[in-house]
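Generate the whole structure from the sequences, applying the supplied hints.
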Amino acid sequence: MLCLGCALLLLMGIAAAGVGCALAQASEGRADREYRLLFSGNRALSEERLRQAAAEELGNLSQADFPAATADDAAFQMEQAYRRGGYPFATVSYLLSAPAEGKTLEFTVQEGVQVIVAAIEFVGNTAFGREELLSFFEGSKSGFLGLGQLLFVEADIRNGLSGIRDLYLNEGYPQALIGEPVFHYSADKSRVTVQCSIQEGIRRAIKTVEFHGDTDPESMGILADLPEELVGKSYLPRRKLLLKNRVQEIYGNLGFPDAEVTVSEKPGVNFSEVQLEVAIVSGARVKIAAIEIHGNERTSQAFIRDRLTLQAGDLYSDVAKQTSFRRLYQTGLFSRVSIELEEGAGLDERVLVITVQESMAREVYLQGGWGSYELLRGSAGYQNNNLWGSGRIFRLDAGGSVKSVNLQANVTDPWLLGSDITADLPVYFRRREEPSFTREEVGASLLFSRNFFGDLAVTLGYLYRESNIMEIATTSLTEVMESSYTTASVKLQVSTDSRNDIFFPSSGHKTFAAVEVADPSLGSGISFYRFNLGLRKFLPLSEKNTLGLRFDTGAILPGRSQLSIPLGERFFNGGENTVRSFKESQLGPMDGQGEPLGGDAFNIVAIELRRRLTERLAGSIFFDYGNVSPNRSREENGEPPFIDRSEVIDATFSDYFKGFRPGLGCGFFYLLPIGPARLDFAWNPDQDTKRGEEEYVIHFSIGTAF
Numbered sequence: 000m001l002c003l004g005c006a007l008l009l010l011m012g013i014a015a016a017g018v019g020c021a022l023a024q025a026s027e028g029r030a031d032r033e034y035r036l037l038f039s040g041n042r043a044l045s046e047e048r049l050r051q052a053a054a055e056e057l058g059n060l061s062q063a064d065f066p067a068a069t070a071d072d073a074a075f076q077m078e079q080a081y082r083r084g085g086y087p088f089a090t091v092s093y094l095l096s097a098p099a100e101g102k103t104l105e106f107t108v109q110e111g112v113q114v115i116v117a118a119i120e121f122v123g124n125t126a127f128g129r130e131e132l133l134s135f136f137e138g139s140k141s142g143f144l145g146l147g148q149l150l151f152v153e154a155d156i157r158n159g160l161s162g163i164r165d166l167y168l169n170e171g172y173p174q175a176l177i178g179e180p181v182f183h184y185s186a187d188k189s190r191v192t193v194q195c196s197i198q199e200g201i202r203r204a205i206k207t208v209e210f211h212g213d214t215d216p217e218s219m220g221i222l223a224d225l226p227e228e229l230v231g232k233s234y235l236p237r238r239k240l241l242l243k244n245r246v247q248e249i250y251g252n253l254g255f256p257d258a259e260v261t262v263s264e265k266p267g268v269n270f271s272e273v274q275l276e277v278a279i280v281s282g283a284r285v286k287i288a289a290i291e292i293h294g295n296e297r298t299s300q301a302f303i304r305d306r307l308t309l310q311a312g313d314l315y316s317d318v319a320k321q322t323s324f325r326r327l328y329q330t331g332l333f334s335r336v337s338i339e340l341e342e343g344a345g346l347d348e349r350v351l352v353i354t355v356q357e358s359m360a361r362e363v364y365l366q367g368g369w370g371s372y373e374l375l376r377g378s379a380g381y382q383n384n385n386l387w388g389s390g391r392i393f394r395l396d397a398g399g400s401v402k403s404v405n406l407q408a409n410v411t412d413p414w415l416l417g418s419d420i421t422a423d424l425p426v427y428f429r430r431r432e433e434p435s436f437t438r439e440e441v442g443a444s445l446l447f448s449r450n451f452f453g454d455l456a457v458t459l460g461y462l463y464r465e466s467n468i469m470e471i472a473t474t475s476l477t478e479v480m481e482s483s484y485t486t487a488s489v490k491l492q493v494s495t496d497s498r499n500d501i502f503f504p505s506s507g508h509k510t511f512a513a514v515e516v517a518d519p520s521l522g523s524g525i526s527f528y529r530f531n532l533g534l535r536k537f538l539p540l541s542e543k544n545t546l547g548l549r550f551d552t553g554a555i556l557p558g559r560s561q562l563s564i565p566l567g568e569r570f571f572n573g574g575e576n577t578v579r580s581f582k583e584s585q586l587g588p589m590d591g592q593g594e595p596l597g598g599d600a601f602n603i604v605a606i607e608l609r610r611r612l613t614e615r616l617a618g619s620i621f622f623d624y625g626n627v628s629p630n631r632s633r634e635e636n637g638e639p640p641f642i643d644r645s646e647v648i649d650a651t652f653s654d655y656f657k658g659f660r661p662g663l664g665c666g667f668f669y670l671l672p673i674g675p676a677r678l679d680f681a682w683n684p685d686q687d688t689k690r691g692e693e694e695y696v697i698h699f700s701i702g703t704a705f
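Using numbering that gives the first Met the number 0, the first residue of the sequence shown is number 0, and each one after it goes up by one.
None of these hints come from the bench; they were simulated from the model.
If you're wondering where the values come from, they're calculated on a predicted model, not measured in any experiment.
Just so it is clear, CB atoms sit at the ideal spot from N, CA and C, and this is done for glycine as well.
Incorrect hints may appear among the rest.
In the DSS-like style, the derived pairs of lysine-lysine whose C-alpha atoms are separated by at most 27 Å in a straight line are [what the hints assert, rightly or not]:
| hint | residue 1 | residue 2 |
| --- | --- | --- |
| 1 | K243 | K232 |
| 2 | K543 | K509 |
| 3 | K536 | K509 |
Ranges between beta-carbon positions, derived for each pair [what the hints assert, rightly or not]:
| hint | residue 1 | residue 2 | range |
| --- | --- | --- | --- |
| 4 | S189 | S39 | 22 to 28 Å |
| 5 | G147 | G417 | 56 to 62 Å |
| 6 | F530 | N467 | 24 to 30 Å |
| 7 | R449 | N636 | 44 to 50 Å |
| 8 | F680 | S39 | 36 to 42 Å |
| 9 | G128 | S378 | 54 to 60 Å |
Next comes the structure, spelled out in structure tokens:
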């Protein structure tokens with residue numbers, strides 16, 4: 000498995016490198032046939048980096064009418080590559096050989112020192128503090144991970160000053176002048192202090208806002224809030240456009256789609272004061288007389304009308320029109336949505352015309368993957384996103400691996416009874432070989448979910464499944480293994496997800512919490528209370544570096560008349576996505592033969608530093624820390640079986656935050672459209688050889704650990 004995993008990752012790396020090399024060779028091939036390229040004096044940048052920096056010029060060299068000019072351009076591009084790396088004094092000279100010497104182009108590099116920005120000083124700033132102005136100077140930093148001091152790149156300094164100039168203009172300082180930067184180098188020129196001079200000028204602010212024209216008590220009641228929002232704010236020409244749009248929006252929401260608004264500036268008492276006048280011609284106040292729908296071939300008109308906020312007989316509203324557009328587009332059924340107003344029978348009537356272009360409703364997919372435990376994975380499926388033209392979704396999935404089989408059919412109503420509640424009915428069969436047993440499940444669920452406040456999702460559902468636990472490897476005399484049972488439960492889950500990328504995030508967070516109760520009153524053959532909590536946070540340290548933080552915990556407690564938790568419902572730890580210094584499920588209680596028994600609670604804490612190495616390749620270093628509670632089985636501790644559920648609960652909470660096991664390691668990612676291919680090397684610094692733990696574990700899989 001290890002050899003196959005390493006080989007796959009190596010092949011992907013070779014393929015990526017091959018593409019890059021092919022492009023580079025395509026651009027350099029002619030040059031190398033005509034000119035032999037030589038490099039000397041370069042230490043900070045490799046020959047490959049220099050060739051890449053001037054790839055276009057070197058590619059054109061063999062056909063250039065003036066080779067010296069092309070070589071000079073190539074040398075300039077190489078110098079720019081050094082400038083971007085913090086080498087402002089680097090020079091690249093070149094020498095073209097005489098024809099008799101067999102055409103050679105030699106580049107000689109004098110790198111100079113890499114320069115660090117010691118300080119950035121500002122003179123003349125009173126409106127904005129130093130720390131706020133410093134935030135405009137982001138660039139490459141020294142150190143292996145790019146976490147050191149700011150490298151001196153003159154282009155970055157000038158970009159920062161340009162940002163400061165925009166800041167002053169946007170805050171009402173039209174006369175602001177940002178002087179040329181002055182650079183003061185240390186004696187050895189390895190450090191530079193940048194001095195920036197600022198002449199702020201006079202700040203212009205809005206003094207008054209007055210409204211004239213078609214106003215009435217209803218509109219003025221809303222318009223009255225605008226002066227309070229604007230008076231005292233910095234003035235810039237864009238304010239007039241923003242105010243005009245805001246007034247038009249207010250009148251549009253009051254039923255005046257054709258309102259005309261003009262905003263003009265009156266001279267104030269002095270240059271710093273601006274008085275704005277708003278002239279309003281409202282036009283007719285209109286109602287929606289009828290709704291016409293065009294372009295729908297598969298989707299029913301009733302479904303489209305249900306998604307509209309505006310209906311026939313309603314007073315027109317801009318916000319209702321925008322909401323209708325958003326609700327239609329978010330269905331995913333249409334590649335294009337247009338909502339327009341057309342003239343009606345009277346001046347105060349309009350026809351709402353909806354034109355849609357339908358997207359492909361049916362899709363078939365195939366996916367492949369790999370896991371260090373399940374080995375080869377694959378899945379196939381069919382999905383109809385517009386079942387019977389109602390916007391309901393039917394999905395059929397079949398998947399499997401060397402260790403598992405999954406079959407599932409889903410019917411989903413994204414807008415149950417026209418509401419924002421999603422109803423989902425999955426029916427499934429699952430089989431998976433665990434390290435110490437094999438689980439088969441047949442089940443169905445009825446789930447209701449709704450999104451609140453953007454990324455907050457709440458799901459409530461009823462879950463029913465029949466489980467069959469087979470091929471139980473454990474021979475523990477202290478465990479009563481239920482091999483066949485029925486579970487019926489109610490589950491509530493709350494989750495948020497603000498990650499910027501589901502496959503390889505560099506910012507945002509993901510949080511989920513769930514409570515599940517199984518009880519005979521619900522039709523269950525067993526009784527338990529299950530709790531889960533998961534937290535993930537991704538902090539961008541720099542453009543290439545991301546710090547990932549993870550915490551997972553869970554507990555399952557036997558309910559009334561339940562002495563212990565069945566093997567198939569317990570928590571296991573260790574593996575490619577948990578504590579990576581252990582193989583699958585090998586962290587936690589064992590029987591006398593070393594077979595994992597799982598536990599009634601677990602914890603996982605992880606810290607991972609990820610760094611982009613190229614566009615598709617990334618590396619990581621990580622620390623995993625986790626446990627399973629109880630930490631040891633009754634058999635390992637030489638204790639008799641539990642005789643009361645209270646003993647199980649006491650033992651679980653007694654060891655809840657004990658027995659943590661560590662994992663240290665590093666990994667590599669190759670980013671694919673289906674998720675990153677990941678190779679992790681994990682070391683167990685607290686190896687317990689008596690329990691058969693390995694010092695090193697290697698995982699190859701598709702997807703991140705968290």
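Right, here's what the structure says about each hint:
no., hint, in the structure
1, K243 to K232, "holds (16 Å)"
2, K543 to K509, "holds (21 Å)"
3, K536 to K509, "holds (7 Å)"
4, S189 to S39: 22 to 28 Å, "holds (23 Å)"
5, G147 to G417: 56 to 62 Å, "holds (57 Å)"
6, F530 to N467: 24 to 30 Å, "holds (26 Å)"
7, R449 to N636: 44 to 50 Å, "holds (46 Å)"
8, F680 to S39: 36 to 42 Å, "holds (38 Å)"
9, G128 to S378: 54 to 60 Å, "holds (55 Å)"
Comparing the model with each numbered hint stated earlier shows that all of them hold.
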